[in-house]
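Asker: Make the full structure from the sequences, and use the hints.
Number of protein chains: 8
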Amino acid sequence: MDEILKQLQDGTISIEQAKEQLAPYENLGFAKVDHHRPKRQGFPEVIYGEGKTVEQIQAIIHAIKAKNNNILVTRVAKEKAAPILEVHPELHYDETARLIYWKREVAPANVGQGYIAVICAGTSDLEVAEEAAITAEVMGCNVRRIYDVGVAGIHRLLDNLEEIQHATVSIVVAGMEGALPSVVGGLVSHPLIAVPTSVGYGANFQGLSALLTMLNSCASGVSVVNIDNGFGGAYNAVLIDRLANKA
Amino acid sequence: MDEILKQLQDGTISIEQAKEQLAPYENLGFAKVDHHRPKRQGFPEVIYGEGKTVEQIQAIIHAIKAKNNNILVTRVAKEKAAPILEVHPELHYDETARLIYWKREVAPANVGQGYIAVICAGTSDLEVAEEAAITAEVMGCNVRRIYDVGVAGIHRLLDNLEEIQHATVSIVVAGMEGALPSVVGGLVSHPLIAVPTSVGYGANFQGLSALLTMLNSCASGVSVVNIDNGFGGAYNAVLIDRLANKA
Amino acid sequence: MDEILKQLQDGTISIEQAKEQLAPYENLGFAKVDHHRPKRQGFPEVIYGEGKTVEQIQAIIHAIKAKNNNILVTRVAKEKAAPILEVHPELHYDETARLIYWKREVAPANVGQGYIAVICAGTSDLEVAEEAAITAEVMGCNVRRIYDVGVAGIHRLLDNLEEIQHATVSIVVAGMEGALPSVVGGLVSHPLIAVPTSVGYGANFQGLSALLTMLNSCASGVSVVNIDNGFGGAYNAVLIDRLANKA
Amino acid sequence: MDEILKQLQDGTISIEQAKEQLAPYENLGFAKVDHHRPKRQGFPEVIYGEGKTVEQIQAIIHAIKAKNNNILVTRVAKEKAAPILEVHPELHYDETARLIYWKREVAPANVGQGYIAVICAGTSDLEVAEEAAITAEVMGCNVRRIYDVGVAGIHRLLDNLEEIQHATVSIVVAGMEGALPSVVGGLVSHPLIAVPTSVGYGANFQGLSALLTMLNSCASGVSVVNIDNGFGGAYNAVLIDRLANKA
Amino acid sequence: MDEILKQLQDGTISIEQAKEQLAPYENLGFAKVDHHRPKRQGFPEVIYGEGKTVEQIQAIIHAIKAKNNNILVTRVAKEKAAPILEVHPELHYDETARLIYWKREVAPANVGQGYIAVICAGTSDLEVAEEAAITAEVMGCNVRRIYDVGVAGIHRLLDNLEEIQHATVSIVVAGMEGALPSVVGGLVSHPLIAVPTSVGYGANFQGLSALLTMLNSCASGVSVVNIDNGFGGAYNAVLIDRLANKA
Amino acid sequence: MDEILKQLQDGTISIEQAKEQLAPYENLGFAKVDHHRPKRQGFPEVIYGEGKTVEQIQAIIHAIKAKNNNILVTRVAKEKAAPILEVHPELHYDETARLIYWKREVAPANVGQGYIAVICAGTSDLEVAEEAAITAEVMGCNVRRIYDVGVAGIHRLLDNLEEIQHATVSIVVAGMEGALPSVVGGLVSHPLIAVPTSVGYGANFQGLSALLTMLNSCASGVSVVNIDNGFGGAYNAVLIDRLANKA
Amino acid sequence: MDEILKQLQDGTISIEQAKEQLAPYENLGFAKVDHHRPKRQGFPEVIYGEGKTVEQIQAIIHAIKAKNNNILVTRVAKEKAAPILEVHPELHYDETARLIYWKREVAPANVGQGYIAVICAGTSDLEVAEEAAITAEVMGCNVRRIYDVGVAGIHRLLDNLEEIQHATVSIVVAGMEGALPSVVGGLVSHPLIAVPTSVGYGANFQGLSALLTMLNSCASGVSVVNIDNGFGGAYNAVLIDRLANKA
Amino acid sequence: MDEILKQLQDGTISIEQAKEQLAPYENLGFAKVDHHRPKRQGFPEVIYGEGKTVEQIQAIIHAIKAKNNNILVTRVAKEKAAPILEVHPELHYDETARLIYWKREVAPANVGQGYIAVICAGTSDLEVAEEAAITAEVMGCNVRRIYDVGVAGIHRLLDNLEEIQHATVSIVVAGMEGALPSVVGGLVSHPLIAVPTSVGYGANFQGLSALLTMLNSCASGVSVVNIDNGFGGAYNAVLIDRLANKA
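Protein chains in written order, with full-length UniProt numbering: chain X, 1 to 247; chain B, 1 to 247; chain L, 1 to 247; chain C, 1 to 247; chain Z, 1 to 247; chain D, 1 to 247; chain P, 1 to 247; chain R, 1 to 247.
Worth flagging that the hints you see were computed from the coordinates, not collected in a lab. Keep in mind that the hints are not guaranteed to be accurate.
Claimed, not checked - Heads up, simulated DSSO-like pairs for lysine-lysine below, C-alpha to C-alpha not over 27 Å straight-line:
no., chain 1, residue 1, chain 2, residue 2
1, R, Lys78, B, Lys78
2, C, Lys6, D, Lys6
3, L, Lys6, R, Lys19
None of these values were measured; they are calculated from a predicted model.
Answerer: As structure tokens, this is what we get:
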């Protein structure tokens, strides 16, 4: 802000320009697309697909592509993805993760520079785990998937322990009783993002059980995102992974 | 019931006698003490101490002792226990477990006949774990205590695994996220009674978190009793232990 | 574990072999099938059918059958069962209980060796009760069904009391107010597994009412599993029944 | 209202008088005491003592006594009752029920005219049960107390069945799982008012468990009042008892 | 019971006969139909239609009709009612109330003997109000309907006050904030059964809001049944109306 | 009321007429249409469309139009609106806001007389925001729409601050975490009506999260209406706007 | 903001000065006192007393008084108020409302300019009602108190209707079932701020019942603030009252 | 693990030694102190003080000090801290943060190596914020405190924006509506740990409101820990800060 004010003071820019730079979005009427995010936050605005029509999503994609930015649309059902991909055939769609995405340039795999471990408890948690894994990959990180290692069969987890412990950061996805992050959290020394899922029935209450379990974890180093929020888990992990690799 | 009806038909007993045998309790006015329980359920009526006055508890103890039955009073605060023990000095009181008890005859330790494992996650769960352990002992079972083996330090649990696996039945006591029963449940082949405790804070909601975790356990063979109900956990375990030893 | 370590020390097995024996599952990619369960827990891994595709279920069945183990798949809707049975025509499917199952060898009925009483409150609880009853039968136990004996017509229950009291263990299934386990619990001296169902409306809150009732039961010897978890109720009862018959 | 309007039209009363008769209370500043209730509802205004100071209660008692009406003050702690009784020594105070009351004229016991059965599950429910019983007596009804007949010992209830069945209406008070009204409701043919109490712990959630149980009762003829609302249960029962005796 | 025991003692009846009379129901396998209810409770067993198949309902109707008893089936969707009425064309079906019913003999209207007021707050509560009104009529009572008199337009209620006040008992049905019973309760001197409905949205939480309002009513003489339980409200009111008319 | 009573006293009106004026609605049987509202409350009765059939809505519209009053029907799904508009082609329907409306006379835009700011957090909140905006316009107010200015991109909000600050009153619509009213509330000096929406997933619990946030707002001058209640938000704002312009 | 930027551009102010004007508060270390509020929001910062020590409150009072601004401290217990008043003897303290306040200049009573009606349901709601009433008075508005007019005695309310209807805005305070705002809302044509209180017991759940009732009010023109938030209710009403009088 | 197995195979260590190294804790009876944590997790075991007696805490401190490890005890009330400090006078106690701590060696301030921003919304959140800040400092990180910058006065936050944006990671502590993390999250590009506090009243429900707000944050890069868990927030932040500085 200092710099903009200085430019204004110097007469380098006009008041109009100064104001534009303080609120630097494109107004589509139904939405305001934030083009400053890549600069401000390191990644372009991600489109939350659930409450939006096909037309709205296409318009926002169009605006972002015009700036040659990466694209990520979350929570896109198969039926909704089809017409979007017809118009934008260069985009990718992953049915399990329900993600549409496009990367401007695929950087060479940054092998040896650390990776994010995406761990899930059961086969039913795959959808959320893949949302996390692909999001992290689209945002430029290495990912290792360790799936179906729930606590009721602790040997399956212990057998993969070394790979988990060597990660920069772990994303642990679990439904039902959601106990996996507590066990993993006690075995690793890096940050752990816990993602509760709505998998379960009865006293699970659509993921409330797993959410409460994770918030009450007696393992240190565990923080939590919303139920089924694979994207959110990945976003946090990516920020941490970048810090680790940048330094 | 058949037998009583037959006796009535034969004229061996009167209608009045038949009726008395169908509702065989002693009416103290404020309470009806069930003297048939030792015969019907294998253990005398247990006195829930929390809502009762010192006078009420003493009167019920008096009635039970008159029949020479074992005595167990749960949830007795220290202040309430003192005047009771003054009147009944032969009773025992355990401050941690908040139990008053007396056994008619202490049977010789039934070594080698199996035992109940009482397992707890943390030091703060001791009160509930001891309520369970002593209840089981008063009811005539062997007990092994395995304490402070919460899932965030899984090694402490694994180190005691063999002793746990050889038990007839396990009582697993845990607060906070309550994940311990799921892990133990996956490692043993005997029934497991899970007891959530109200230990924790915030999103623990007085034990709700641990309760939901245990109800949603993905490990098979886990059933649950009320929050902080160490007595209830023990009662179930004792019934199972008796079946195993009786047969 | 001692034995494996000893073999390793003796050079009888390699490190690789030792590690394999500590995590003895088959990795199907989307799932890790635990082939050690029959040895460790007395029954092969049960497949929770709800979150899985037909293809995934078939693949897991295939892996288990290759080991000649018993098979039990729970929560399989009729539409999903049909294509599975086409591929595996030797499997059985029960529409009410929504179970697919297969037993390697049907042992001769172990008449006279005790039985599990499966008791339900109303006609609407049949689905859960049958899930429990068939699970227990597939796992090798005798079962007696006592249905539609809810507490609002207590005579129906009392009329079947003798059969219930002679069981080794009872599974009591009830929705709405869920009061049945408390009444039965006061009349029997064996362990009782209570299964709340989501049957009801309004302040029932999808089974929460029955669940809370059962957790707060003033009858001793009652433990609880998740709402609608007929399988879980049976699993617990089977473990207890085995202990009683084994001893 | 018709009559008042007619009198106004006829000139028998003034507008001022007509208005006074439409809102016929005494304004004490902090409270408006309704002196028309005996006429309109058959009993004077009952004072809810909990949120009020000693001075406020005394002032309201004074206003009611000036009209020579019966007096009933609910939820008065012992410490609060003492100074009130000093000023109004003719009042009665019951410590268990926490009621202050006075009856203008004690009618001769209306023996043979029906009675209200006040039934409670356990000794800990006595406080609420007595609030109900004494309220009903102060309001002029016969009461029979049947206490400590919870469902976990069904014989104690069945033994008192006849007395319960002959009542005009039953008030059933229960905490913990609150199953008693369902069982009683299935055995009687008169209306039943269920009063949940906050007695219990853990997943009882201060009476929520018993409340939900009663609302979901599968027995017909059961209606429910607020948790611990012994007074409310009695008020409903008295209205019904009067209808039965009046006709 | 006394009488049966006496007959047994006298040898008038056999043990087998005595037992049958203590549990006098017809066992259809999936259900036990209680034929003693008309004698014991004054009305035959009512069939809760929601969890039952067409075949099950038809079988139960068949069993009840064989005893020439009245019939009432609640919560029957239109699609389910059609095949039932084809088989039993003499039955009536009301689409709004979702009731199937049949009365053995239609008694002459008992004009002048009192009536039940069925009051509802809004047009959206009609379904529940009609379930209550028709149930009461089928059970032999007079009913007066006062609809769409919610508290936000208090004049509509006051205009119908006289008719409400002259009723023997009121059933008050309301969704949303559910305030109507409190206002009516303050204006009448007879018992009032409050029926919350699930009508509303947002913080209504499927009727929870109306339910809590009614349980907390500061008006005396209000008791509550489950959300949407028009049948239950009517059953209570009918029991009260009978007491008032019988005496 | 004084005036009506005076007229009655003077004999100017009959008792019948006096009564009619105290409850001045039209009884359609299933509904009582309040024709006094324009006089009493400044706007005709608004029809809540959700629980009503097409026929019921048409009948109420017919009754209101007969009095030449404005019309507003809320929560009308597209399928339901079509047949209504066929019969009443002069009505307008807005698909996003799900409103049917008609204004007797469109007053000239009251430019310069203040306006209501309708602010929403995200594109998914549009439906509720438009319900609020159009309601306010139909009721005769100026409206400015400021959409998609959620707090996670605070610059978008600050850029529109001046227009918001100059409004007479603000309606702030937000789902998910619902933080927008707190931020806006700290920046304006006029009243703010907060409308939580059910937009979100997981721990949002159908709008509960946004509702609680708004009720706990640390900004002064924020009051709240029900979840998704755009109409209610507008109604409050219109009342305030009228007060500001009237004075 | 435009103006500040212009001054900066013109060189009238320095960057440092521009920044100070964008964040114009006094930093006390533990708190940042906002001295711009009188200008920005029309009233100085109000001090929420609950979480603060006596020393912190005194320091903030000192800072505000230095600017000669009005003072209002909410939620100050009697014990906490005493030492504060010793240091600042010119402040007033109201024990019922738990408010400390001081007005720089007491404006002449603005008689005839409209007033705020503060209405409460019962004597137990007085504390919250007085917090609202005094807050409004300190902020310069006329207030009329109408207390103890709960809906269970509707005549008391109707008798005060005229005074309520003539108010500019109403604050309606109610606990228990919280039905009063719905009834008042249907009788007035001005905005109504509903304040639920935590008065009640059992299923009241510390004010949740009243809160939900008010949010679901079927009366239009009702908005809601937090439980027991008399201050918040008043603040909203004052903003509205000012708009009405300003215009 | 590989290494230990290799040593075992080589005969370098015995089976007993191998086992000890797999569960390397000190058994105090009531607790098992984990001495391997500094090696495994980078920081010694932290003692949760709340459920423990003074004697238990002293014993654990003694065991940790014997290994010359750093010490951190959380949630120690003033009364409990005094006797502990008497025995261990070299320990520090912070009353606001309720922490006891000791650092083996105070490393020179690692100036210029990045810092953690601890941000809190209001003065009442200080306790939790200080628990976070001091924990992070004891664990070796630089901390900057930015307090009392809640969203209702957004200028206070924006004025400190630069310092916040330059942090490695932010801990944002807020009670009431808990909106601060969403606003900060939209302004920074580093990870943000949100800590809800139980500060508030009414519909805050002991911190539930703030917790839900944070879980539903529409800002990316926000993860959440338990209510009032300042320690947990710090622990996560420290892990991230180390990764950033290590690399």
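Asker: Please go over all the hints and tell whether each is borne out by the structure.
Answerer: To see whether the hints hold, each was checked on the structure:
For the hint linking R/Lys78 to B/Lys78, the alpha-carbon distance of about 25 Å falls within 27 Å, and the restraint holds. Distance restraint check for C/Lys6 and D/Lys6: the Cα-Cα separation of roughly 13 Å lies within the 27 Å cut-off, and the hinted pair is therefore satisfied. At most 27 Å may separate the alpha-carbon atoms for a hinted pair to count; L/Lys6 and R/Lys19 meet this at roughly 12 Å.
Of the numbered hints given earlier, the model fails none.
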